[in-house]
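K.L.:
Each chain, letter by letter, is given below.
Protein chains: 2
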Amino acid sequence: MLDCIFCKIITGQSPSQMVFQDEQVSAFRDIHPVAPTHILIVPNKHIASINDLTPADEPLVGHLFTVARQLAVQEGIEKTGYRLIINTGSHAGQMVFHLHLHLIGGQRVRYPMG
Amino acid sequence: MLDCIFCKIITGQSPSQMVFQDEQVSAFRDIHPVAPTHILIVPNKHIASINDLTPADEPLVGHLFTVARQLAVQEGIEKTGYRLIINTGSHAGQMVFHLHLHLIGGQRVRYPMG
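Line by line, the protein sequences are chains R and W. The first sequence begins at 145 in the numbering used here and counts up by one. The second sequence begins at 145 in the numbering used here and counts up by one.
Just chain R, same shape as in the assembly (with noise of 0.2 Å):
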């Protein structure tokens, strides 16, 4: 996608902390951290959302949480525990349209759910 900032990122045309890359998935630091670890990790592939989710997509959905997983443990916060989120729309505050996964620790959370 020509416009999308995540997109730029994933192929390099646009800076980041990046942190880990795959055939299927790239993550990198957030620019705004609201904690002492805050990652996005997004598809490589343009999806807007979850509500663009298909069955087929599954297995590559499941595999932002495996890297999640492994970063956590690269984070050295897997112990002390980590908050996963993925905000769709505009009540949630979806700011980028390109679906990311937040790998957010290093602090107790200071905020219930809702």
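None of these hints come from the bench; they were simulated from the model. Treat each hint with caution, since some may be false.
Identical chains blur together in the list; that is why a pair holds if it fits in one copy or across any two.
[Stated by the list, open to error] Only pairs whose alpha carbons sit at most 35 Å apart, straight line, appear in this in silico DSBU-like list of lysine-lysine:
#1 K223 / K189
#2 K152 / K189
#3 K152 / K223
Given chain R's structure and the hints, the job is docking chain W onto it.
P.N.:
Chain W only, in chain R's frame:
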């Protein structure tokens, strides 16, 4: 798992407001909802947390999310938006050690993510 409340809900030994069930996953309403829609989507197989995932679980974890999308449509919140959360460990406030995805919507989320 004998002592797992979610395993008991999945098999019908404990009561719940079940909203969806198939061979892989079950979905039921949270007993302490934080928003008009607050549903927990869980694998039928006992997996304690994201820390316990293996690559073989990727299609199953992805399936939680296509079911979440379907339930968002069913609840009429797919256009207004919704937040999906998986908590792991104490920093994130994981209470039940059977992996569960929170589907939260029906109002603007009140809190940032950290």
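K.L.:
Does each hint fit the structure? Answer for all of them.
P.N.:
Verification of the hints:
With identical chains, the CA atoms of K223 and K189 are at most 35 Å apart both within one copy (31 Å) and between copies (22 Å). Only within a single protomer do K152 and K189 lie at most 35 Å apart by alpha-carbon distance; the minimum there is 12 Å, versus 38 Å between protomers. Proximity of K152 to K223 under the C-alpha cut-off of 35 Å is found in both arrangements, the shortest distances being 33 Å within a copy and 26 Å between copies.
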